[in-house]
Amino acid sequence: MCLAVPMRIEISLILTPEAREGDYVLIHTGFAISVLDEQEARETLALFAELEEASRELDRAEGREP
Amino acid sequence: MSQQGFRPQAFRDPAAAQRLIAAAKAAVAEPVAIMEFCGGHTHAIMRFGLRDALAPEVRLLSGPGCPVCVTDDADIDLAIALASLPDVTVATFGDMIRVPGTGGSLADARARGASVEIVYSALDALDLARNQPGANIVMLGIGFETTAPTIAAAVRVAADEGLANFCVLSLHKLTPPAMRAILDGGVVRVDGVLGPGHVTAITGSDAWSFLPERYGVPCAVSGFEPLDILLSVRDLAVALAEERPAVINAYRRSVTGQGNLVARQLMDEVFVLGDARWRGLGVIPASGLDLAPAYAAYDARNRSAIELPPAGAGPHARGCRCGDVLRGVIAPPECPLFGRACTPAKPVGPCMVSAEGACAAYYRYGRSPS
Numbered sequence: 001m002c003l004a005v006p007m008r009i010e011i012s013l014i015l016t017p018e019a020r021e022g023d024y025v026l027i028h029t030g031f032a033i034s035v036l037d038e039q040e041a042r043e044t045l046a047l048f049a050e051l052e053e054a055s056r057e058l059d060r061a062e063g064r065e066p
Numbered sequence: 001m002s003q004q005g006f007r008p009q010a011f012r013d014p015a016a017a018q019r020l021i022a023a024a025k026a027a028v029a030e031p032v033a034i035m036e037f038c039g040g041h042t043h044a045i046m047r048f049g050l051r052d053a054l055a056p057e058v059r060l061l062s063g064p065g066c067p068v069c070v071t072d073d074a075d076i077d078l079a080i081a082l083a084s085l086p087d088v089t090v091a092t093f094g095d096m097i098r099v100p101g102t103g104g105s106l107a108d109a110r111a112r113g114a115s116v117e118i119v120y121s122a123l124d125a126l127d128l129a130r131n132q133p134g135a136n137i138v139m140l141g142i143g144f145e146t147t148a149p150t151i152a153a154a155v156r157v158a159a160d161e162g163l164a165n166f167c168v169l170s171l172h173k174l175t176p177p178a179m180r181a182i183l184d185g186g187v188v189r190v191d192g193v194l195g196p197g198h199v200t201a202i203t204g205s206d207a208w209s210f211l212p213e214r215y216g217v218p219c220a221v222s223g224f225e226p227l228d229i230l231l232s233v234r235d236l237a238v239a240l241a242e243e244r245p246a247v248i249n250a251y252r253r254s255v256t257g258q259g260n261l262v263a264r265q266l267m268d269e270v271f272v273l274g275d276a277r278w279r280g281l282g283v284i285p286a287s288g289l290d291l292a293p294a295y296a297a298y299d300a301r302n303r304s305a306i307e308l309p310p311a312g313a314g315p316h317a318r319g320c321r322c323g324d325v326l327r328g329v330i331a332p333p334e335c336p337l338f339g340r341a342c343t344p345a346k347p348v349g350p351c352m353v354s355a356e357g358a359c360a361a362y363y364r365y366g367r368s369p370s
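Chains as they are written, first to last, in my numbering: chain A, 1 to 66; chain B, 1 to 370.
Isolated chain B (complex conformation) (with noise of 0.2 angstroms):
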């Protein structure tokens, strides 16, 4: 075919965006609130302006997915304790290596003489651990469905090649109990949820049905493109409309109702539920993924050879809001910090570090709270 269906340009056509914007707004009778889960969803809808252009028939709120941003203070600690270690080298995605534990970043932890390398993929980790068979390798896994099988995939491709020196501290998180956790906590009136595109390209569209069927929420499952967002918004809107709550998969080039069973077999090999810390929203449990008995030889948590200081439990820095702005309680211009003490150049909390976080999606793309 042309290469057409694949250019985001295609997806951005604004007279497009315009007559589902006027339609999402004609067909809600109140204004409604509609919470993006994921943070790539956060910056293209402030990229492109969504926000205000559907605002205020249809408010859209942001939620807890930016995986960096849910890592608690005491596991990045724990990070930064284990690149301290001798002989210790952690692997990392570079978004996390900016963001503050309670002491510091890994990247200061780095500036005092830790090994911390920036991975661009899980597999590069297995290279380091390859080259450097005198250094104990720890891949920090972070993040959500979208990238536990990628860690998943190089646990599978150590075991198989014997390769003792690489191991996985596994952070992950999953989704649809995070979403669950802010249904069930009520702080936050949400109408609908424009589901996680690349997330549900794993899980399947199927994951998010206990959305409609328990707690009556329509989802639609939503691609980047601006036209892909309005259109699940529109899509959620006359849902709403007409009190027909369902998940709808609005992004079909990707996403199917099963996901990617390939994906979701190595996850359920490699990991087993358990429970996991975020940041703003507690200890959900079986919300995070642990390594399974049979690959215990990988989990950075079992390795003799490397001695897992406590957790810390210090305090949140001072005034930061990160955990309310993650569960949708407020906007990131209602922090107080948001702007002022706490910039890109220099955040205080995780949500203005990372690329998906939404307070740096605010400070770049507009900064008015409404």
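Bound-form chain A, shown alone (with noise of 0.2 angstroms):
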């Protein structure tokens, strides 16, 4: 990949006062406009996991995988 863009990217926490290094933050027109909850991103990601498994076991179950 040899495409490269300069950018000086400067982002305003004026709306997102409780930020902290190091958070993920929302970024709309230079402004962070919420801070990511990392615990929620995480059980969100739990909850497709889980998906995955029960639907296995229905396949293991209705004899459609060995």
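No lab work stands behind these hints, which were simulated from the structure alone.
Rough simulated footprint, nothing fancy, chain A against chain B, three-plus residues with beta-carbon under 8 angstroms:
id, region
1, 114 to 124
2, 144 to 153
3, 192 to 204
4, 252 to 262
Chain B is nowhere near these chain A residues, computed Cβ spacing over 12 angstroms in every case:
id, residue
5, Ala4
6, Arg20
7, Glu21
8, Arg60
9, Ala61
10, Gly63
All values reported here derive from a predicted model rather than from experimental measurement.
All residues carry an ideal CB built from backbone N, CA and C; glycine is no exception.
Each of the two chains sits in its own frame; use the hints to bring them together as a complex.
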């Protein structure tokens, strides 16, 4: 990948004074508008994993998978 | 934590997507129509082929959630007229510049000598004002609740600094009144609503409680990755099957019930509710944001140095059906101009111009009407 774009990014934290160094934030037109909740992100991903596991079990029970 | 939870890839797993699609389809007894309010969702849905994958059990309809697209011709004409005045520079986000009003776009006006600057952020417009004390910088305030607080922040900074050559033409619009207008209109059947994730990061998911309470329509607030959207669709399908309409927050990593209180407070301080003109939906009472009296000095409409031209009310481009696309009455390929007279290279209507426009999404990612 040879493309590179020189950028200077300045993000205003006016709308998210609670943001701390290392936080993930949603950025909209140069402003952080929301600090991402890591715990919630993990829980949503866990939900997808559970869904996978449940459907695999169903497949096994119905003999669709060895 | 590991960065897993924020990598888009973590929310794009094809196997999980298939499971969610199957679950959504299995949940509904008869076909349901779900409106994705937000143009960002329309793009993700088309890009990842979710619309076709969910049909026919779940039909996804595009809604009015593209701020540039719902900006009325007359307001674009007004912005162009402002940019054409001596000593006035109009600062705008880039997606607005090619949108045609009745007499061309801001880009056309700039080619004729009007002063138009593209900014990435409202703060850049403040820099223009600081660096060009002889010019009146008019920031076009175009956007929903996601953008309005950023413009409000710029107005507050200007007021704090006493920056006298900065003002805002507020054309901001609010999303719940538009959703209400579509449901009250009754032209389109909407069984469930995919709530706009970034708008709702500001407003909070409670802002959508009128949907289940007043209309019996469930709303799932959704992120923008494929699994976010599919999780929301599945949750809506289940809520419909169980006849338990509710607001479901399926984007909890970014959205809370109350939203961003700092942003909401800033909006309340700088703006007051006003009527707004929407392309396709007409004037909706209390669906826009005007500058509050305390910030009247930063309202382009009040600047004595800027003589505001009367708003034109010219005809919409002949044959353009953006208005119907924005209400979900037709899908973009049903417009006679789509892909023929109207393409991204030569757009007739705003829905083909904007990165968030439904026509642009359909053109780019798939042109089948079904």
